[in-house]
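Student: In case you want the letters, here they are:
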Amino acid sequence: DVKVTQSSRYLVKRTGEKVFLECVQDMDHENMFWYRQDPGLGLRLIYFSYDVKMKEKGDIPEGYSVSREKKERFSLILESASTNQTSMYLCASDSSYEQYFGPGTRLTVT
Amino acid sequence: LAKTTQPISMDSYEGQEVNITCSHNNIATNDYITWYQQFPSQGPRFIIQGYKTKVTNEVASLFIPADRKSSTLSLPRVSLSDTAVYYCLVAQMDSSYKLIFGSGTRLLVRP
Chain A
1 DVKVTQSSRY LVKRTGEKVF LECVQDMDHE NMFWYRQDPG LGLRLIYFSY DVKMKEKGDI
61 PEGYSVSREK KERFSLILES ASTNQTSMYL CASDSSYEQY FGPGTRLTVT
Chain B
1 LAKTTQPISM DSYEGQEVNI TCSHNNIATN DYITWYQQFP SQGPRFIIQG YKTKVTNEVA
61 SLFIPADRKS STLSLPRVSL SDTAVYYCLV AQMDSSYKLI FGSGTRLLVR P
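Same order as they appear, the protein sequences are chains A and B. Positions 1 to 110 (our numbering) are the ones given, in order, by the first sequence. Positions 1 to 111 (our numbering) are the ones given, in order, by the second sequence.
These aren't lab readings, by the way, just hints derived from the structure by calculation. Mixed in with the good hints, there may be bad ones.
[As the list claims (entries may be wrong)] With a straight-line cut-off of 25 angstroms between C-alpha atoms, the simulated BS3-like cross-links for lysine-lysine are:
#1 A:K55 <-> B:K3
#2 A:K70 <-> A:K55
#3 A:K71 <-> A:K3
#4 B:K3 <-> A:K57
#5 A:K71 <-> A:K18
Let the sequences and hints guide you as you build the complete structure.
Tutor: Here is the structure:
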């Protein structure tokens with residue numbers, strides 16, 4: 001079975017802090033994604049990566065950056081966290097259009 | 001970009017068949033249609049995927065008409081555990097590889 005893991009299930013950070021969200025997949029998938037999910041807005045794509053060191057902006061990249069130094073790992077970085085980045089963050093990897101999601105990280109910025 | 005539209009919510013009863021329709025008027029030739037299920041505090045889980053006509057697996061069927069401007073997820077004989085949010089996804093395989101989730105349909109199955 002494909003497994004996508006995220007470093008934390010719950011995270012609380014202060015405004016202005018730098019935040020790292022880590023995601024690891026074990027199926028050698030080339031494509032990896034970061035989404036955020038907010039009530040009433042569904043899933044929105046932040047960034048995706050189709051290869052090591054390659055990245056593309058999604059629909060809402062502002063305030064975020066990403067890093068993919070190894071194929072299995074895709075990191076989401078909030079350079080200076082703000083309260084409007086309080087959300088559920090979901091990582092995914094895919095194979096032939098089927099995406100496999102991690103359990104999510106619920107981030108609260110106070 | 002193909003925008004998707006789904007009903008916000010649906011109610012059903014145990015044992016009934018549930019059909020959830022997704023509209024994607026601007027779907028492109030190379031797009032695939034995929035449906036996901038999400039329970040609270042979990043990531044979405046793949047249900048079924050199709051390109052045209054009908055696809056069936058052990059949990060659902062997916063109907064796609066010839067014009068591909070809509071698709072219908074069919075869940076036979078739902079149970080209480082099928083209460084979840086269902087997302088329609090259009091996989092757009094152009095150079096930007098943008099994936100578009102619908103707003104999701106919240107299905108409530110009552111006893």
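Student: Please write out, lowest number first, the hints stated earlier that are contradicted by the structure.
Tutor: Failing hints: none at all.
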